[in-house]
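Modelling step: build the complete structure from the supplied sequences, incorporating the hints.
Numbering (the numbering used here), first residue to last: 116 to 669.
Simulated from the structure, these hints should not be mistaken for lab results.
Hints should not be assumed to be uniformly reliable.
[What the hints assert, rightly or not] Pairwise CB distance ranges, derived in the manner of DEER restraints:
#, residue 1, residue 2, range
1, S438, S233, 38 to 48 Å
2, S513, V245, 53 to 63 Å
3, N441, Q610, 44 to 54 Å
4, E224, P149, 20 to 30 Å
5, N464, G654, 46 to 56 Å
6, G258, N464, 45 to 55 Å
The beta-carbon is built from N, C-alpha and C at its ideal position, and this holds for glycine as well.
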Amino acid sequence: MKSFINKIYILLIAIFLFSCGSDDNEVVPPPPAPTLTVEDLSVSVMENPETNSIIGQFEVTQDNLTNPLVFELLSVSPTGAVTLDNTGQLLVANTTVFDFERQNTISGEIRVSSGELSQTATFTLNVLNVDEPFITRWNLTGGNLTVQLPLYEGTAEDPTQYNFTVVWGDGTTGEVTSFDDPDARHTYATEGNKLITITGTLRGFSFGENETSREQLVNVTRWGDMRLGNAGGQFRRCTNLATFSATDTPILTEVTNASLMFELATAFNGNISSWDVSNITNMNFMFAGATAFNSDISNWDVSSVTTMAAMFFGASVFNGNISSWNVSNVTDMLQMFNLASTFNQDISNWNVSNVINMTFMFSDATSFNQDISSWDVANVTDMSRMFQRASVFNQDLSGWDVSNVTTMRSMFSEASSFNGNISNWDVGNVNNMTSMFSRASSFNQDLSNWNTSSVNFMVSTFFAAVNFNGNISGWNVSNVTRMDQMFNFARDFNQDISNWNVSNATNMNSMFSGASVFSQDLSNWATDNVTSCENFANGSALTAAQVPTRGICF
Numbered sequence: 116m117k118s119f120i121n122k123i124y125i126l127l128i129a130i131f132l133f134s135c136g137s138d139d140n141e142v143v144p145p146p147p148a149p150t151l152t153v154e155d156l157s158v159s160v161m162e163n164p165e166t167n168s169i170i171g172q173f174e175v176t177q178d179n180l181t182n183p184l185v186f187e188l189l190s191v192s193p194t195g196a197v198t199l200d201n202t203g204q205l206l207v208a209n210t211t212v213f214d215f216e217r218q219n220t221i222s223g224e225i226r227v228s229s230g231e232l233s234q235t236a237t238f239t240l241n242v243l244n245v246d247e248p249f250i251t252r253w254n255l256t257g258g259n260l261t262v263q264l265p266l267y268e269g270t271a272e273d274p275t276q277y278n279f280t281v282v283w284g285d286g287t288t289g290e291v292t293s294f295d296d297p298d299a300r301h302t303y304a305t306e307g308n309k310l311i312t313i314t315g316t317l318r319g320f321s322f323g324e325n326e327t328s329r330e331q332l333v334n335v336t337r338w339g340d341m342r343l344g345n346a347g348g349q350f351r352r353c354t355n356l357a358t359f360s361a362t363d364t365p366i367l368t369e370v371t372n373a374s375l376m377f378e379l380a381t382a383f384n385g386n387i388s389s390w391d392v393s394n395i396t397n398m399n400f401m402f403a404g405a406t407a408f409n410s411d412i413s414n415w416d417v418s419s420v421t422t423m424a425a426m427f428f429g430a431s432v433f434n435g436n437i438s439s440w441n442v443s444n445v446t447d448m449l450q451m452f453n454l455a456s457t458f459n460q461d462i463s464n465w466n467v468s469n470v471i472n473m474t475f476m477f478s479d480a481t482s483f484n485q486d487i488s489s490w491d492v493a494n495v496t497d498m499s500r501m502f503q504r505a506s507v508f509n510q511d512l513s514g515w516d517v518s519n520v521t522t523m524r525s526m527f528s529e530a531s532s533f534n535g536n537i538s539n540w541d542v543g544n545v546n547n548m549t550s551m552f553s554r555a556s557s558f559n560q561d562l563s564n565w566n567t568s569s570v571n572f573m574v575s576t577f578f579a580a581v582n583f584n585g586n587i588s589g590w591n592v593s594n595v596t597r598m599d600q601m602f603n604f605a606r607d608f609n610q611d612i613s614n615w616n617v618s619n620a621t622n623m624n625s626m627f628s629g630a631s632v633f634s635q636d637l638s639n640w641a642t643d644n645v646t647s648c649e650n651f652a653n654g655s656a657l658t659a660a661q662v663p664t665r666g667i668c669f
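In structure tokens form, the structure reads like this:
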């Protein structure tokens, strides 16, 4: 019996030991690894989609994730075209980018992550073309019932193309395939407003080239796919064009020439703030005579422009903030603000270092008085009439490098407030000072150190400069040929210029006429070459003993 019990005991111990050994050696399988993949996305999108419309959905494969998915938009070109929501959907953000004519592909990269696990994917959006009409409104009055579309014959530099359907708005249509197609001209039965819709290819539209109906255009309600072309003068002398009510913008990617675009469009003040002018190089006379224009063009990218001659000439109400314009490539600013009588904006930070011509730049800009002291004008060669009749201008120009300027004719003529210190200017290359300070009634600065040895013309240099009495006794005038009216009516001038070498002068007409206090001894002047000396000293304080004894001026 005892032996049986022992056997049972041993068996129980063995079973216990076996079961413990089994628990210790049991293999527990690891948890399944998390997986995350995302597919690249390529879809086609019709142009002009609605804002926030869904473009596409990223396909994500996931397994065994413990953290939620997070979607991030890493990049997109063009910037701001799309957004990405937290479910992986791409949405339209900027509808204007989805324009086949401007941008036919949009691309970028996204990232999807869960905890420390992440994957990236790319997307490509192919923008599909949809024909968009060009819609304009015309007003027919005064018995003129015919509209001629301003098409023109192209050139190698400006190729035009016409293949469109025109709906004239009175139940008739036409098919136009050339600039001189008869269907580009239409006569209506009645006067009044006419809505003209053009669908198809229109490349080349300029009233500067074809002016027939320029006074009848009153509005652009939609730009569509049309291309203005490169002839310039696109809306030139459209005197009844007041605005553009279109919510889209014209395609200007091919336009480099915007010269005369709104010249003498005297009613125009349309919103053109969003225009992409980044490829335009020529803005000559762009708003010249546009007497109603004062729209916001502060954000224009003018970095490609090389010439702005007369851009705002006679734009009498324009006073837009163009302080941030990049004009670093501009070489010609001739007459840029001439007769822009309201303009007075801060353009102190403009980089004008490449400008060569500033003739008439602020002439008759009667409100302009901004600090332009830091301008780099070292490359300018012509400053004639630059501040002529800029009646309130009186800024510090003392630091200007004018060493390359060759003509300063009428530079401060009738600039009645100007009295800036320009004593240190290097005028050694200037050959023409005609009327430079004529009627500059406040000017009386020290010019004693000026090198005038290259000057040929001093006609009316100080004519009616009624306050000027600077010491210019040391001026080298040996190359001056014309001195007529030089001090005419310079009523305060009475400096000793007895040692001037005037041997090359030929004309001294009215040189001191009306210079009522001038009384210096000029008897030794070598005036042998003078051929015209009428009214030399009339109204001056010169005595018979003081006038030149040689030649004909006594």
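Verification of the hints:
1. S438 - S233: 38 to 48 Å: holds (45 Å)
2. S513 - V245: 53 to 63 Å: About 60 Å separates the Cβ atoms of S513 and V245, which means 53 to 63 Å holds.
3. N441 - Q610: 44 to 54 Å: Roughly 46 Å apart at Cβ, these two residues keep to the hinted range, so it holds.
4. E224 - P149: 20 to 30 Å: holds (23 Å)
5. N464 - G654: 46 to 56 Å: For N464 and G654 the Cβ distance comes to about 48 Å; the hint holds.
6. G258 - N464: 45 to 55 Å: This hint holds: roughly 53 Å between Cβ atoms.
In this structure, every one of the numbered hints holds.
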